[in-house]
Amino acid sequence: MPKPDCFQQIILLLQNFWSYKGCVILQPYDLEVGAGTFHPATTLKSLGPDDWSAAYVQPCRRPSDGRYGDSPNRLQHYYQFQVVMKPSPVTFKEMYLESLSELGIDRSVHDIRFVEDDWESPTLGAWGLGWEVWCDGMEISQFTYFQQVGGHDCKPVMGEITYGLERLAMFILDCESVMDLPYNSPNSPRPLKYSDIFLEAEKQYSEWNFSLANTEVIFRHFDDAEKMCQEILGAAVSLNKSLSKNNKLVQPAYDQCIKASHLFNLLDSRGVISTAQRQVYIGRVRALAKLCADAYIDEVSSRV
Amino acid sequence: MSDFIFELISEEIPAKMQAPAMLQLETLTLKKVAENGLTAEELMPFVTPMRLGIIIQNISTEVNESIKEIRGPRIGASENAILGFLKKNKIERSDLQEKKTDKGEFYFYTIKISAQPISNVLAGIFTEIVHEFNWPKSMYWGDNYSLRWVRPLRSIVAVLFEKGKRKRVPLNIRDIESDITTRAHQVMHPAFFDFNSVEDYQEKLLKGKVILQPKDRKTRVLQEGKRLAEARGFYLVKDEKLLDEIIGLTEFPNPILGEIPKELLSLPEEVIITSMREHQKFLSLRSKANGKVEAFLMVADIQTQDKQKTILSGNIRVLNSRLKDAIFFYKNDQELVKRQGMRAWNDKLKSVRFHEKLGSQYDRVERIVKIAILLAKQFDLERDEVSKAASLIKADLVSDLVVEFPSLQGSMGAHYAKIAGCEEMVSEAIRDHYLPVGSNDVVPKRLLSIVLALSDKIDYLTCLWRIGIKPTGNKDPFALRRTSLGIIRIILENKLNVDLDYLIDLTEVNFDKTDLQLFLKERIAYYLTEKNYQKNVVKAVVQQYKLDLLPILPRVIAEITEFISSESGKKALAVYKRVSNFLSSNKKLFSYEEKISKDHITEEDQIVQEQLISTKERVERSLQSKDFNTALFVLGSMVDSVNQFLDNVQVNCEDNALRSLRYALLNEILQNMDRVLVFSELDKK
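These protein sequence lines are chains X and F, in that order. Residue 304 is where the first sequence ends in the numbering used here, and the numbering goes up by one at each step. Residue 685 is where the second sequence ends in the numbering used here, and the numbering goes up by one at each step.
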């Protein structure tokens, strides 16, 4: 395959590659998340005994990373390409390196390093061991072997690769700024750059995230999401009386957990959460994630 | 005699864990080899990011039939202990033998080790080692949970060379069969190969671009780096820690020299150095011409056809974008300081929490200012100057650049203080009040820096202590041990006359100080012992005195050390022992008390009693004036009469009252001696 010449080509190539390696190719989750890990195809599927291999693009939102489109590499909305395989295959690392070479990154010319970077998500109550992958000094991926999620051991262990798509594309396509990335092929009838599609959105959202978002409403939405999550799982008011004990509607509950997490990020970027409150909010989201993980484990084990 | 090569190939081992792992493997091997009755001439452990292993040369080829004795519980030990021992070794009571040793009588269990081929023994030893190995963090992978390892283990090489013949040593760990082939560098020489001897193994690996020994990789970086730097008029800024990390990220390090783009050199040097080291693991290079950091040494893991040009340009691009970010933050900070001074940041400190029970960083700064003003009275410092400097010491914590590079706290503050027009001394104090950080770090030297450093540290220590945060065992998440050691070092190494008790009282926190004082005494003893003062003397002295003695403690300990090795010191210790032995072997009689009339008292009693009273007085007086030499001299002078007393009178006499008096006297003698130093500590090792 020829070396990719644009952003979308990189995505297509990765999808193809991992589909050949046995992953189901999913689409992005339709809620605002801070990282591809939040997708139920990673978080929930990392629990329980079933095998599972998937790959997907996930748009991510990190409200406080917005720079009004001015920074060459910081965005409040960007894309990750996520690969998960469970149990982690013996040659998972080699597969990853092969994917780089498919993308045109030749290991005999470029210096690829695996630098210790243990992953921990305080909001998901999760951790794993792995590395960040450097290519000529630029961090292009995260590589993790999940050990625990929501306080539960991951057995079998899920292996996770997260490609930072913009960074990777800047490297492969030799661009100094993310906004200059060719989104589709420069040879197409109507070539578009990343900025053509996302610059205006970055400006609008930066304004919203930092200055305009109505924090009173968002605080309320956070409380609501928390309440709903608990209710759905029957932890607070038993909304689901009619349902059998082991059918706890984990997925709808987990949606509320994801929402709470994003709302917290938004409040944080508005600067209305004091450092003291910060830990409290993270703790509240983690409690929801834990409830969902517990319910998921219950559900899976009742199926067997 | 045979040679053995054992190698575990895994996915990348974190750099900082490599050296300890190599040491652990050597220690475990030594232990197991000896336990199994083998001898080995030389052990050569090695580690790279991808492999951990050991070469054993001239290992004994046979394990002869031998007998191994395992010691069990003491004879007369509880039934549970005995049953536990039986269960652990899977044996019956009839297997036990009783045996006398120098430590007492014990049950023993004897195992006969039958003769077996060396390769079986080695397989057993190294299977045990892998399972017993202890990584600081370890993991499972895939769906096999029979081994935790630092990262996925990929292959096991275990080869024995016996009389020129190559033999696989059969191990199977986590379904991985041991092999006789290995691989060299994963990019430059990825194919698996076999080898015919230890030398062959080493040669082929080196040819395949793997340098097994960390120290050899380090030498390569330093030599190559030096050559590159000198050719371009630079020299290397020493950074051992970073160097150790770099050699833990490469199997075959290739230093590359790069120059920092000119437009980035407007940044303060510490920002450039920090960004390069923390984000990119570059070593800094200074220009020989002007002494400035203008280039870097990066270390790649491969050699390429384009002589690493692509790698270098990629790395420079990353450096460029990082430092441009830093320039952006630096400009913001500078503008703010020029416009509003550093105080603008202090307001922002109100929203930065120090600890949930202790308020914000702003509250903390206010406390530090108060302490510093009081403490400054002891020194020749202007109140206003101290108050101004103290109020600015944490301002930089909320500057954009320090938020981005937390390790630049203090040094950026100093930089911005200069921009804001503060005096040199103030700027320096802002920078140095964090000192000393590590135990090899220097302590602040100028008075203002000293006052701020002490105020900052004592506030930190007492505040956390008051809300119950104390170090326990090896856990000290708030680094209170380091903080205390900092205080002690600043006082002692600057020969300051600062009373530690007084310093605690300056903090105005109300709490029971007793255990904090004990903790500080322990820290003082630790520091002095580290400084090679005699441990037992340090303990004997530190226990006994209040914290106000700290400034003169080293002198006092030196005097006492001299005293106890002198004739009169030895005599004093002997008398102390004689008396205390006497008292402890007659505990029962000692408690008896009865009033005694004057005419019962013999002349000997009277002499000793009078002398005790006068020595006590003189000891107290000299201690008051902190004159330890005299106190010791006085103690020495009463030794002879105490000895005479013990020689001439029978302490355990018939007369109850007299006996009671004599015991009381002896006890007082000990107490009096302990006033100067705790003699009983001197005997401890």
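Be aware that a few hints might be false.
DSS-like mimics (lysine-lysine), calculated; alpha carbons at most 25 Å apart, straight line [unchecked claim]:
no. : chain 1 : residue 1 : chain 2 : residue 2
1   : F       : K292      : F       : K281
2   : X       : K3        : F       : K204
3   : X       : K3        : F       : K307
Everything labelled a hint here was simulated from the structure, so no lab data went into it. Just so it is clear, the structure is predicted and the values come from calculations on it, not from any experiment.
Hints, verified against the model:
| no. | hint | in the structure |
| --- | --- | --- |
| 1 | F:K292 to F:K281 | holds, 19 Å |
| 2 | X:K3 to F:K204 | violated, 35 Å |
| 3 | X:K3 to F:K307 | holds, 23 Å |
The structure does not agree with numbered hint 2 stated previously, though it agrees with all others.
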